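*Asks:* Based on the provided sequences and hints, a complete structural model is requested.
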Amino acid sequence: MGTATATELSFQARIDEGIKIEPKDAMPEGYRQTLIRQISQHAHSEIVGQLPEGNWIGRAPTLQRKAILLAKVQDEAGHGLYLYSAAETLGVSRHDLIADLLSGKAKYSSIFNYPTLTWADIGAIGWLVDGAAIMNQIPLCRCSYGPYARAMVRICKEESFHQRQGFDILRVLCRGTPAQKAMAQDALNRWWWPSLMMFGPPDEQSSHSAQSMQWKIKLVSNDGLRQKFVDQTVPQADFLGLRVPDAALQWNEERGHYDFGAIAWEEFHQVIRGHGPCNRDRLATRQQAHHEGAWVREALNAHARKQQEGAHAV
Amino acid sequence: MLFEIFIRSQHGLAHKHVGSLHAPDAALALANARDVYTRRHEGVSIWVVPSAAITASSPGDKEPLFEPANNKVYRHPGFYHVPPEVKNL
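In the order they appear, the protein sequences are chains L and B.
At position 251 of the first sequence the residue is numbered 251 (my numbering), and the sequence of numbers has no breaks.
In my numbering, each number is its position in the second sequence, counted from 1, plus 1000.
Keep in mind that the hints are not guaranteed to be accurate.
Quick list of in silico lysine-lysine cross-link-like pairs, DSSO-like style, CA-CA up to 27 angstroms [stated by the list, open to error]:
#: 1; chain 1: L; residue 1: Lys157; chain 2: L; residue 2: Lys66
#: 2; chain 1: L; residue 1: Lys228; chain 2: L; residue 2: Lys107
#: 3; chain 1: L; residue 1: Lys157; chain 2: B; residue 2: Lys1016
#: 4; chain 1: B; residue 1: Lys1087; chain 2: L; residue 2: Lys20
If you are wondering where the hints come from, they were derived from the structure by calculation, not from laboratory data.
Because the structure is a prediction, the values reported are computed rather than measured.
*Replies:* Below, the structure is given as structure tokens:
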């Protein structure tokens, strides 16, 4: 960073004191832009995150599982909306944010570019993907930007149901037939590494980390969160009787943490660049939904206009 | 149109701001607010207010608006000395 101006210094002093920044407060342009990017990417992830699970709503094994999955997917839509609201307080329009998602310009969490091949994948997503998301999100409840922190509080309250329902799906499968247990193992095999990648690149390669941590819009490092996730999740896999697909995974008595194998970052970058298994499909589905919903939006607007004109005529 | 959403929870509290949403009109804002903000019994009453209808104080006016309260500690009961032998005061 170059020499900080007096305004930047007083802004940083407020952050260091733990004073929340609110929408109309003065803020450095870099802070505003970084938050817009971070919050809108998060919102897009919630929205696109509905798609892999939506794939199984019509094929859930029982009516109760179907009702639960519907409620979870509805929550994800709600989380997207809380976050778009928070982003809008920074002076961007939701219309533009959604246009960026649909055009492929905006990014979303690359985990949602993997397919959901079996019912066990729905369990693995809840347990691992939502579990990793919770771990990322809990510190953000204390972040420096008020509207974002408040949205995260609501989201975290609701996410814990998501993680438990996923674990419960796997728990039942693991106590089922050998084929069902094999299905659960297969899901863990495919979702484990992408879940570890959700925490982002290793700290020494994470480009925006230092500034974001100084601004308190990132509170724990990528590697710190990833380690915590591994430490919490391995015993849960043990309980299920599933094997984590990592030959290097081992409890390290000295560190008090699990050691784990190297992550295939080339795959991560490929998926981010748009070459994951489902990138095109996800975007095409979003575009189609937006397109097919256009007449509903137009009709609602026309109705609202007509009502207002009627009210003026009286 | 952007609406601000206020929810009154079940415990006899005031309506509290919970966030915002877009809707073509107030009736739909109400319907959407029910789906977005009350999926888990968060409330028994919803207000929707067009964001444009809200006039807010400016952060820059914080001093002239709120500073005057700082030197009026006598507005708080703790300012007064109560002799220990005096009860129920």
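*Asks:* Looking back at the hints listed earlier, which ones does the structure fail to meet?
*Replies:* 4
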